[in-house]
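Go ahead and model the full structure; you've got the sequences and the hints to work with.
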Amino acid sequence: MLLVKKIKADTVIFTEGDIDKTMFIILDGSVKTYAIRNGKEVELAVLHKHDFFGEIEMYCNKPRSMSAQAITDVRVVVIKNRMQLDQFFGQNPAFSGKILRLMGERLALVNAAL
Amino acid sequence: MLPAVKVKTTLPIIDVKSDVMIFKQGGEDKRMFLVLDGSVKLYNEREDGTEVEVAITHKYQFFGEIEMFSNKPRTTSAKVLNDAKLVIIRTPTELEKFASDNSWLSGKMMTTMGERLAIANNLLANKLGSATIQSPAFQVETSKQIHGEEVTTAKVVRQ
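Residue numbers (the numbering used here), protein chains in the order written: chain A, 1 to 114; chain B, 1 to 159.
Keep in mind that the hints are not guaranteed to be accurate.
Claimed, not checked - One side only, chain A facing chain B, incomplete, derived with CB under 10 Å:
hint : residue
1    : T72
2    : G97
3    : N111
Claimed, not checked - In silico contact screen, one side only, chain A against chain B (beta carbon under 7 Å); selected entries:
hint : residue
4    : G39
5    : E41
6    : C60
7    : P63
8    : R82
9    : L85
10   : F89
11   : A94
12   : L100
13   : R101
14   : M103
15   : E105
16   : R106
17   : L107
18   : V110
19   : A113
For the record, the hints were derived by calculation from the structure and aren't laboratory data.
Each residue gets a CB set at the ideal place from its N, CA and C atoms; glycine is no exception.
Dropping the structure here:
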């Protein structure tokens, strides 16, 4: 069984620099991601229902490149490793397509900036 | 180990013989290919005609995905190494449908995508010194020195 976690508004889910490989899929609510650059908080994205975050660190051995904080009360699926991700896909096939597509878009975007 | 499940799709599946070129560096085609059998070599072509191997893709790996999501020409050429069977995915919507119909394969595909994303992200961070990237509400803010001037190279916000 995958863990579904309820998180209160304003809670910091993870912090830039943390060593943590968990990926989250939002079931309800909104989450913002941000990074500290030149001493200032730079908002990177506001994510909503069925968006996901934290996936990059699942695939690399680097600390968190950004922080994530709940804007509203949220419910998230907590995915701790690739086996759990496979399990999630098996149970939610339509989701797997959506996530793969978004990953492709992210990859193309990062490559474009290279 | 993936289960012995047959791929379920209405997308075109082609058999391609060894040494056949699938696409050429600089080409405008945007198709993505999933390898069902055989292997395909991705490589860069230098001006002097030599080939620099970038990757070899095997069963259930894919290639050509970057151009499907971008408006750029092919960054590599692709040639069949061993007789190959390939699924042709022409649009992001077809990819989404394919992954949904074959969720047993999605985890592996996402691992490949995730590893490529992590590598690209890392390269970008190293190359530009400072890079902040997140999506689906994409925002990229990067800068680099070009001819001594700091130039913003990308800034993309949610579309």
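Here is what the structure says about each hint:
Proximity of T72 (chain A) to chain B is violated relative to the hint, the smallest CB-CB distance being about 16 Å (cut-off 10 Å). The interface hint given for G97 (chain A) is met, as the beta carbon of that residue sits about 4 Å from the closest beta carbon of chain B, less than 10 Å. The restraint placing N111 (chain A) at the interface with chain B holds, with a minimum CB-CB distance near 5 Å, inside the 10 Å limit. Look at G39 (chain A): its Cβ only gets to about 13 Å from chain B, farther than 7 Å, so that hint breaks.
The beta carbon of E41 (chain A) is not positioned within 7 Å of any beta carbon in chain B (closest approach about 11 Å), and the interface hint is therefore violated. A distance limit of 7 Å between C-beta atoms decides the matter here; for C60 (chain A) the minimum to chain B is near 4 Å, and the interface restraint holds. Because the beta carbon of P63 (chain A) sits about 12 Å from the nearest beta carbon in chain B, more than 7 Å, this interface hint is broken. Evaluation of the R82 (chain A) hint against chain B yields a held restraint, the C-beta minimum of about 6 Å falling below 7 Å.
Checking L85 (chain A) against chain B: minimum C-beta separation of about 6 Å stays under 7 Å; hint holds. A hinted interface residue such as F89 (chain A) counts as satisfied when its beta carbon comes closer than 7 Å to some beta carbon of chain B; here the least separation is about 4 Å, so the hint holds. At a threshold of 7 Å, the smallest CB-CB gap from A94 (chain A) to chain B is about 5 Å, leaving the interface hint in force. Because the closest C-beta pair between L100 (chain A) and chain B is about 4 Å apart, less than 7 Å, the hint holds.
Given hint, R101 (chain A) at the interface with chain B, holds; its Cβ is 5 Å from that chain's nearest Cβ, closer than 7 Å. Against a cut-off of 7 Å between C-beta atoms, the interface hint on M103 (chain A) holds, since the closest Cβ of chain B lies about 4 Å away. A hinted interface residue such as E105 (chain A) counts as satisfied when its beta carbon comes closer than 7 Å to some beta carbon of chain B; here the least separation is about 5 Å, so the hint holds. Given the 7 Å rule on beta carbons, the hint for R106 (chain A) holds: about 5 Å separates it from the nearest Cβ of chain B.
Contact between L107 (chain A) and chain B, as hinted, is supported at the beta carbon level, the nearest pair being about 5 Å apart and thus within 7 Å. Annotation: V110 (chain A) was flagged as interfacial toward chain B, and the flag holds, the nearest CB pair being 4 Å apart, inside 7 Å. At its closest, the beta carbon of A113 (chain A) sits 4 Å from a beta carbon of chain B; the interface hint therefore holds under the 7 Å criterion.
Checked against the numbered hints given earlier, this structure breaks hints 1, 4, 5, 7; the rest are met.
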